[in-house]
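Visitor: Using the sequences and the hints, build the whole thing.
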Amino acid sequence: MARTNRHEAPPGSIQTEQQRLAAIRMAAEQELGRLRTELGERVAAVERRERELVDALAKVGKGRSPLSKGTEEALSHAQVGLAAHAQQLAKRDADLAARERALVKLETDLARKAAGEGIDPEERLAQIEARLKALQEAEKAFARTQIELATASDELARREAALTERERAIESGAAPAPASGGMSRAELADLEERLGRLERETRNATVGSTFGDSLRTLERRGLRGNPPNA
Numbered sequence: 057m058a059r060t061n062r063h064e065a066p067p068g069s070i071q072t073e074q075q076r077l078a079a080i081r082m083a084a085e086q087e088l089g090r091l092r093t094e095l096g097e098r099v100a101a102v103e104r105r106e107r108e109l110v111d112a113l114a115k116v117g118k119g120r121s122p123l124s125k126g127t128e129e130a131l132s133h134a135q136v137g138l139a140a141h142a143q144q145l146a147k148r149d150a151d152l153a154a155r156e157r158a159l160v161k162l163e164t165d166l167a168r169k170a171a172g173e174g175i176d177p178e179e180r181l182a183q184i185e186a187r188l189k190a191l192q193e194a195e196k197a198f199a200r201t202q203i204e205l206a207t208a209s210d211e212l213a214r215r216e217a218a219l220t221e222r223e224r225a226i227e228s229g230a231a232p233a234p235a236s237g238g239m240s241r242a243e244l245a246d247l248e249e250r251l252g253r254l255e256r257e258t259r260n261a262t263v264g265s266t267f268g269d270s271l272r273t274l275e276r277r278g279l280r281g282n283p284p285n286a
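Be aware that the sequence shown starts at 57, since it is given in the numbering used here, and climbs by one per residue.
By construction, these hints were calculated from the structure, which means they are not laboratory data. Treat the hints with caution; some may be incorrect.
[Said to hold, decoys possible] Ranges of calculated distance between the beta carbons of each label pair, as one might list FRET restraints:
# : residue 1 : residue 2 : range
1 : Leu-152   : Glu-178   : 44 to 50 Å
2 : Ala-101   : Ala-79    : 32 to 38 Å
3 : Lys-189   : Leu-77    : 35 to 41 Å
4 : Glu-193   : Ala-84    : 48 to 54 Å
5 : Leu-88    : Asp-111   : 18 to 24 Å
6 : Ala-146   : Ile-80    : 36 to 42 Å
For every residue, glycine included, the Cβ atom is placed at its ideal position computed from N, Cα and C.
Guide: Here you go:
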């Protein structure tokens with residue numbers, strides 16, 4: 057097999073992909089850092105507003121500084137705003153986690169790809185040739201089994217025709233002609249049983265297995281016993 061026909065990855069493909077991934081990772085880390093800083097600032101602002109709200113509620117509870125109607129409305133709006141900010145912070149945190157997972161997956165996929173492309177070309181070629189040889193042998197075994205089955209089927213049909221002719225001769229009172237080949241009823245029944253067994257094994261061999269496995273199974277089993285014309 058010519059070496060020029062083998063499919064090989066360009067020598068620099070892995071290095072180029074790694075460089076591209078490094079650039080993506082750097083940009084992602086910068087973006088994640090910016091988002092973390094922004095998130096930290098928002099958290100600090102929310103905590104500050106929460107403390108202010110707690111202090112205001114404490115003053116109201118002690119009766120030291122009764123709040124006006126406008127102040128109560130402002131506190132109510134502040135509570136709603138705090139809840140909304142909390143949801144935004146939770147969503148932003150989830151987005152950050154999703155980006156980190158995507159980056160890890162990208163690195164894992166590249167590592168797996170690099171490991172696959174790292175197989176020696178000669179070793180890969182040897183594996184392909186070995187599989188091809190096994191498939192060719194299996195095809196030959198399948199062809200032999202098919203020929204054996206066809207031969208046995210033809211012999212069975214001929215014997216059945218001869219048996220039918222003898223039965224008709226017996227029913228008409230004529231002397232039956234001697235059976236050619238000397239196959240008795242027992243031999244005919246045995247041949248038919250062997251054919252049925254082979255057909256069942258052929259069907260079973262093709263269920264839940266690969267094509268090559270089925271062919272090799274047929275080669276090992278075949279017709280149990282020699283073909284009738286052997």
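Visitor: Hints first: check each against the structure and report whether it holds.
Guide: How the hints compare with the structure:
Checked against the hint of 44 to 50 Å, the pair Leu-152 and Glu-178 passes, with Cβ atoms roughly 46 Å apart. In this structure the hint that Ala-101 and Ala-79 lie 32 to 38 Å apart at CB holds, the actual value being about 34 Å. For the pair Lys-189 and Leu-77, the supplied restraint of 35 to 41 Å holds, since their beta-carbon distance comes to about 39 Å. Glu-193 and Ala-84 have their C-beta atoms about 52 Å apart, which keeps the hinted 48 to 54 Å range intact.
Remark: the range hint 18 to 24 Å for Leu-88 to Asp-111 is contradicted by a beta-carbon distance near 35 Å. Between Ala-146 and Ile-80 the Cβ separation comes to about 26 Å, which falls outside the hinted range of 36 to 42 Å.
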